[in-house]
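Asks: If you want the building blocks of each chain, they are given just below.
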Amino acid sequence: MSDTLANDLITPDVDAAPLLSQPGVSMLKAAPITRLSLRAREATLKDAGSAFGVELPVKPMTCNTGQKRAVLWMGPDEWTLLAPADDLKATFDAIEGKHESHSHALVDISERSEAVIVSGEKAVWLLNTGIFIDFSLETFPVGTVTRTIFHKSPVMVWRTGTDTFVVEAWVSFMDYVSGLLVQSARELEAA
Amino acid sequence: MSQPFRTEKGGRIERAEQLTFTFDGEEMHGHKGDTLASALLANGVHLVGRSFKYHRPRGILTAGSEEPNALVGIYRNGDQTPNLRATQVELYQGLEATSQNRFPSLGFDIGAVNDRLSMFFPAGFYYKTFMWPKSFWDKVYEPVIRSAAGLGKPPKNPDHDFYGNLYAHCDVLVAGSGPAGLTAALAAAETGAKVILCDEQAEFGGSLLSEVNASIDGKSPTEWAGEAIAKLDAMDNVTLLTRTTAFGYFAHNYVALVERVTEHLSSPDPKLPRERLWQVRAKEVVIASGAIERPMVFPENDRPGILLAEAGRTYLNRYGVKVGHKVVVTTACDTAWQAAFDLADHGVEIAAIVDMRETPPESLLSIAKARGIRVEAGCVVTGTLGRKRVKSALIGRLMTSGKVASGGQIDCDALLMSGGWTPTVSLYSQSRGKVVWNADMGAYVPGKSFQKERSTGGAKGLYGLQATLEDGYAAGEEAAKAAIGKSVKITYAASSGGEAGEGGTLGALPHDRNATKVKAFVDYQNDVTAKDVKLAVREGMQSIEHIKRYTTTGMATDQGRLSNMNALQIASGALEKPMTDVGLTTFRQPYTPTTFGVFAGVARGDFFDPVRKTPSHDWVVEHGGVFEDVGQWKRTWYFPKSGEDMHAAVARECKTVRDSVGLFDASTLGKIEVVGPDAAEFLERMYTNPWKKLAPGRCRYGLLLNDAGFITDDGVIGRLAEDRFHVTTTTGGAPNVFATMEDYLQTEWPDLDVWITSTTEQFAVAAVQGPKAREVIAPFIEGIDLSNDAFPHMSVKEATFCGVPCRLFRISFTGELGFEINVSRQNGTMMWETLAKEIEKHNGTTYGTETMHVLRAEKGYIIVGQDTDGTVTPQDAGMTWAIGKKKLDFVGKRGLDRPDLVAENRKQFVGLFTKDPQVKLEEGAQVTSAENPETGTPAEGHVTSSYFSPALGRNIALAIVKNGHALDGKTLYVPMPDGSIPVEITGPVFYDKEGARINV
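Order-wise, the sequence lines are chains A and B.
Numbered per our numbering, the first sequence spans residues 1 to 191.
Numbered per our numbering, the second sequence spans residues 10001 to 11000.
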């Protein structure tokens, strides 16, 4: 995993059994992390970045990462800030403190969603069983992040490595998402 | 059983591997590489089905997916799949096939009486015959027609297969792998473009697989094709898909393919799907769907043993099967002659070549002469004899007068025919393309492109091997250049042989028979004859669209690929109009019949829709709770104790909440965090209520209208800070409220500094309601003085629950003292289990949605979507108190001033008491002013909610009734099948009207 982004931040949940473990593809539940939704006007971006420790990306569908930090571009005025679970209060307060006078909204969404780490040479194939995005490296290079649809569930997909993706869904949708991924991967075991 | 019609050598079948299969129970043999059709023919079986309407014996007509006759059922895994084309079914060991549309057997079929009675079943028969008497339709006509209609039997069991789905993107999609498709794929792949090549057949190569008289780069066509495939297979940028039909061409070069993954296997790995839907987004598409041969429309052209000439050639050269031992070939074009020559070279007796043309090309005549084949030029087939298999052909000589003179009869056991070729323009047509008439070719060919596609080879009416190869290369180069801007010089393969032929005919052929008696089929699958098309014209149909629907020609599963051109020519003759004026029907998706399973995909069983569960779910399952579906959510409906039915459980839960305390999972409620300096201003504009003066730490009930002024949602909103609100919505309304807010923010008020974030799933919510609610939560809450003075009704504060952060609301949807505790989602189960244990100490209960409904109904609290139906205003609901009178504007304010919303006699929200307290009204029942109104009398309103109220010890109901607020104490009626139920109008608040219980 040395070539993957944010591998000090997005880590498998050591208490959870692998959801999928095949030669071609694996799926692991990710450990809890801090997720903050930041909505802000342009004037605020610089300060928010320095308070968080990583500059906010402005190019659509990209991310910036730092030590145990990542910022995902979610929309023209929307970012998801990722930090270790224990840093929730500190990160929240740091940005709020710096921004009291600014126009922005910071909301804790740490537990709104869960993530799985899908990796392996068949990861793209597996995601494409339910996601219509072109995951070729030219159009969806490492670091690309987007909201999209997996079958009937909204998901967020973040490519953290050539063959590694973080797939997030709202908690109550995760059974559906991970269940269908497991079901669809079954044919890879066929002789 | 031996295979008497198998050639001694040749073909692409694996002769060493013999397979056993059954057809209607009879065991036969074939080889790997056979289709069911070729294997049946090898065994001398031509009769494979009965026709749709007349139940005429029918045989295999084609060798492709356009096959109209040879529809069979295949048994597999204890169930039967009907209507598979035998020409597409690959043979496997143990295959079980059955014929269709016959009773009791294929050889003797009672329905065949329809053929003798056919004068009573002309086109449009149903429309004319079954109109009167009208009352007969439901009871007699429709059931009889339905039982007689349709082909094959639908499977009885749930589909035991599963289906895959894959989204794919490519630079160039090539549909079809004949000479044009293969070269297009080669040329495109060479540039490095990402190429998907698909073909509906088991093998790539298309017509090359049955071509033995040509060579490409000095190799046989099959050898050359094999090398081309191997080359493509070795390239990383190429995806090869056999058994994969491009069945739908949709907008923006979105093309749907269905890959048949396991159906050709005797015992497939159960982990593999039966089929896979490929949803391809292609930058450029090359349509290389080729051309198909047209049947000739002569009387009795449908007997088993009559095939298209090229099909006869394909069965011979590709499958090593002779369609007969003594064959007549009838044609209007050159290509069919090659079928005769190839068969003759395999020792088949060619009884005659019957060519319509007075002077067929000298080159063909000399080859025929060299083989000693009798040629009848200037002749047509005017009929055939033989019941279950053709046994002779009647020959007619075309006279200069246009009449036909009998030319005798030629015995045969198979008849090959060719009316010429029709380009397969289906995909082009699906891509929104409009075909254009090419008089030289006598065919409709693709016109200009509406999407990023081009047709190549036979699909655009181009014939001849060399020309097709070259056109394919060019199409591939062009597509790759357009897709990725690159082109690479490649050497085109050079071929010899396989020259294009001349000639062809359209429409019904002349004959010397009694035109009112004979049947010359235009559309085989739907049993439409030339006569039917002419009748449709006589009865006033002028457009081909009307003729199609009147006669059903072209409405079979091939969508008229075989029949359209002939039907058009016949209609054009009957209308005395040029063919181009008659029009052409549109080819639509799917190209060939496609299973429902592949469309349903994974959306079945547990994965039909996401099943959303709350943190209490497992606990509830363990404790025997009963769930109900609320949208995608599973919510607990009620918690029966042993021996309790729903009524008893709900009554107990209601009573317990009012007497002591109840615990309810409210996690599904929508939650939106509204944050920013303009948060209060934003809510002020969205909701009817005033928000600016709401102090941090306080809550207010909010009512949301649409622009028209009707109630669309409601919920309690708490102000956490000057610039931060916690908004709750209804469970079902959450996505809509969020989208509406975002819509207003982006389009109407982009100047406001406020943002919304959905926090529905960030929090788990437990509602603790009842006189002992405070005692229940007190041990776990830290950081709040819970006393009534310090934390009164409609307060909110951040604190901790068992040490984890929480937002505590003091609110009530029951009319009792109540709290709602929000903790982060992952702590939800801990909170639920803690509280569930605690309420037991207070003789409390967990309760579900049904009790929640009863308790709120006793208090007259509305449920949006149950007591409102999108036409209810705040005035109608008696909720003008929720409108901020001093507010300049809010969503729906102007709507509320519309004349019809302030008019008299609007339906208003009221309570109902049945005169007999034991009678429970039905929700949705109509409320009338007369006890037994006459049929057609408009209702005064309807019952929206109805429950037994344990607190009142009687039944109560809520309703919306015309002018209801003024009818207090009046008697109305609810007419039901068992008699009218008298009801008394009352206010909607049934219990604790002063609201004293909330403020303790």
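What the hints contain is simulated information worked out from the structure, not anything from laboratory work.
Backbone N, C-alpha and C fix where the C-beta goes; we use that ideal spot for every residue, glycine too.
One or more hints might be untrue.
A few chain B residues facing chain A, derived, Cβ under 7 Å [to be verified]:
1. L10272
2. R10274
3. L10535
4. S10543
5. H10546
6. Y10550
7. G10605
8. P10610
9. R10612
10. S10824
Asks: Compare the structure with each hint and give your call.
Replies: Do the hints match the structure? See the list:
1. L10272: With a minimum Cβ separation of about 5 Å from chain A (threshold 7 Å), the hint on L10272(B) holds.
2. R10274: violated (11 Å)
3. L10535: violated (49 Å)
4. S10543: violated (39 Å)
5. H10546: violated (40 Å)
6. Y10550: violated (41 Å)
7. G10605: violated (10 Å)
8. P10610: holds (4 Å)
9. R10612: holds (4 Å)
10. S10824: holds (4 Å)
The structure fails hints 2, 3, 4, 5, 6, 7 (numbered hints given earlier, in ascending order).
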